[in-house]
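Asks: Residue numbers (our numbering), protein chains in the order written: chain F, 1 to 297; chain L, 1 to 304.
No lab work stands behind these hints, which were simulated from the structure alone. Do not take every clue at face value.
Claimed, not checked - Cβ pair distances, simulated, as ranges:
1. Val105(L) - His138(F): 43 to 53 Å
2. Val37(L) - Arg211(F): 28 to 38 Å
3. Ile284(F) - Arg291(L): 33 to 43 Å
4. Lys54(F) - Arg246(L): 29 to 39 Å
5. Ile14(F) - Ile109(L): 12 to 22 Å
6. Gly237(F) - Gly30(L): 33 to 43 Å
7. Gly237(F) - Arg88(L): 14 to 24 Å
8. Ile223(L) - Ser11(F): 36 to 46 Å
9. Phe204(F) - Leu24(L): 26 to 36 Å
10. Asp194(F) - Gly30(L): 31 to 41 Å
11. Tyr48(F) - Gly129(L): 40 to 50 Å
12. Arg291(L) - Gly286(F): 27 to 37 Å
13. Lys43(F) - Ile109(L): 30 to 40 Å
As the structure is a prediction and not an experimental result, all values here were calculated from the model. C-beta atoms are modelled at their ideal positions from N, C-alpha and C, and glycine is treated no differently.
Letter by letter, the chains look like this.
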Amino acid sequence: MARTRRRFNYSAVIGTVPMILVAVGVFVIGIAFTFFWSFTSSKLFPAYDFVGLKQYYRLWASDRWLVSVSNIWIYGLLTIGGNMVFGFLLAVFMDQNVRGEDLLRSVFLYPFAMSLIVTGLVWQWALDPNLGLQSAMHHWGWTSFHFAPLVDVNTAIYGLVVAGIWQGSGVSMAIMLAGLRGIDSEVMKAAKVDGIPPWRTYLFIALPMMRGALVTAFVLQCVNVVRVYDLIIAMTGGGPGISTNMPAVYVIDMITSSQNVGQGMAAATMMLVPIIVLLSIVGIVGWRRRLRAEADA
Amino acid sequence: MRPIGAKTRESAHREAEGPKPPRLSPARIGIYAFLIVSALFFLIPLYIMVVTSLKTMPEIRLGHLFNLPAELSFKPWTDAWLHACTGRDCFGLSPGFMNSVKITVPSVILSILIGSINGYALSFWRYKGANLLFGILLFGAFVPYQVVIYPLIIGFRIMGIYSTMTCIIIVHTIFGMPILTLLYRNFYAGLPIELFKAARVDGAGFWKTFFYVMVPMSVPITIVAIIIQVTGIWNDFLFGIIFSGRPNWPMTVQLNNIVNTTTGVREYNVNMAATILTAAVPLAIYFISGRWFVRGIAAGAVKG
């Protein structure tokens, strides 16, 4: 706060014109327009008539949207859960003074450097029933092996989860490993002296102490899940049928090929809801912790 | 789990002998087994990509996914680069590669320049309302892109630059701004305030202080910013397909068109070579920058 200068410096304002334009023009006015158009009957071009909640009624009566919403829950819970648990396990195992730590870290993290389009295409091939994992197993003599999630309406979404975990668990590991290394080594030593088994030390002592890293990894995963688009396009194209549609795919499809902007904007507004809820929770938790810290001081 | 006694004896032994690699006990075998199995899970797709890209189509159709190529064929690679069809055109990925370069270079320079000026202003020249703007920008980091895409399309249409190179560069600059501003703000907040005060006493204003004092100090954070931006922009698909216009489509869009084309026979070897080529630039950055990449993620983790 000592750095705060309330004096109005014109150079500073001119220097931050791009920031002002983006903050106000894109994030305030842009979102306001999205919200506004969700109450209109916009088709290919924006309309300015008011039709009330009609787009929302239509949205929640649409099978495709309902499938999208249930998919984002399945995909989100499994991917976020998988990435957090797998990432934590990798971080703990990496913390055991292993040889070749740098090499292993590179291996776990390289998928994150690649485009989700690339990731999606690679897994699409690996899971192809005629050329991928399944046929390889058959050639090795395991002829009853059946693993082709992408071609089945009921399992395609789980194929996406596999790719999501492959791409994202390395990042969780990197963030959590940083959190783990940030814990005072005296604490871990003390637990060892007390004869507490390592798994209990990590679960009940280290885990609560790396709250910052956990929140960072979690929020990062949530944001990525809500916007997931490229992976779906590359891996399944939303199919078979409508079985792997996601809200992000629905919105883009409505404003491009379906030319139903009002509907797309209603869906986009709904996408904003979970993010606002998430941010509010994080904000309230942080605010309460500050209050408590002040009360203790 | 090992009995406690064995453990203490072992560590006592180790201390006496000086640092020595930990002995192979059942627990350590378990640790390595877990890590190696995990590493295989991460490496198998890469292995499949490389092996398949070097096979001929008849060999691929046999379905031996994991076998090494019987005879090496580099034709898929030249095909992917020069002859593969993206929709109507059959010039391979090379035009897409050039487009990606033309998009990435200016976007990275522009977004880093703006992000660093923002971070500098927010650290040393906080004017009234600046913090509110920063708050909105941070909120923007969490907004799903799909929420603001349509208003942007309309805005760019009104300005007459929709579907151009300029348009896609501006879009990348916009969406890079929240994270870069945060990055530079946090970096400048850690610099000693005396540095800034000294420049002020010497009579340097906003720009002079920035270019002569802050920019030279910013090398480490700028490396992180370049890594985040180059990989992020190179890997982008959504903005490329919507904002850049067909002749300017980046490599990722062309790759998807080559692979997910509905016409003709699927040439898996060409497709995999094309995939590796598209991933080459970010992977090279990742392997060369190593530690910096991890730092970049940690620093950029707030945005994703």
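Asks: Each hint: holds or not?
Replies: Hints, one by one, checked against the model:
{"no.": "1", "hint": "Val105(L) - His138(F): 43 to 53 Å", "result": "holds (47 Å)"}
{"no.": "2", "hint": "Val37(L) - Arg211(F): 28 to 38 Å", "result": "holds (29 Å)"}
{"no.": "3", "hint": "Ile284(F) - Arg291(L): 33 to 43 Å", "result": "holds (36 Å)"}
{"no.": "4", "hint": "Lys54(F) - Arg246(L): 29 to 39 Å", "result": "holds (34 Å)"}
{"no.": "5", "hint": "Ile14(F) - Ile109(L): 12 to 22 Å", "result": "holds (20 Å)"}
{"no.": "6", "hint": "Gly237(F) - Gly30(L): 33 to 43 Å", "result": "holds (41 Å)"}
{"no.": "7", "hint": "Gly237(F) - Arg88(L): 14 to 24 Å", "result": "holds (20 Å)"}
{"no.": "8", "hint": "Ile223(L) - Ser11(F): 36 to 46 Å", "result": "violated (27 Å)"}
{"no.": "9", "hint": "Phe204(F) - Leu24(L): 26 to 36 Å", "result": "holds (28 Å)"}
{"no.": "10", "hint": "Asp194(F) - Gly30(L): 31 to 41 Å", "result": "violated (23 Å)"}
{"no.": "11", "hint": "Tyr48(F) - Gly129(L): 40 to 50 Å", "result": "violated (30 Å)"}
{"no.": "12", "hint": "Arg291(L) - Gly286(F): 27 to 37 Å", "result": "holds (30 Å)"}
{"no.": "13", "hint": "Lys43(F) - Ile109(L): 30 to 40 Å", "result": "holds (39 Å)"}
Against the hints set out earlier in the document, violations occur for numbers 8, 10 and 11.
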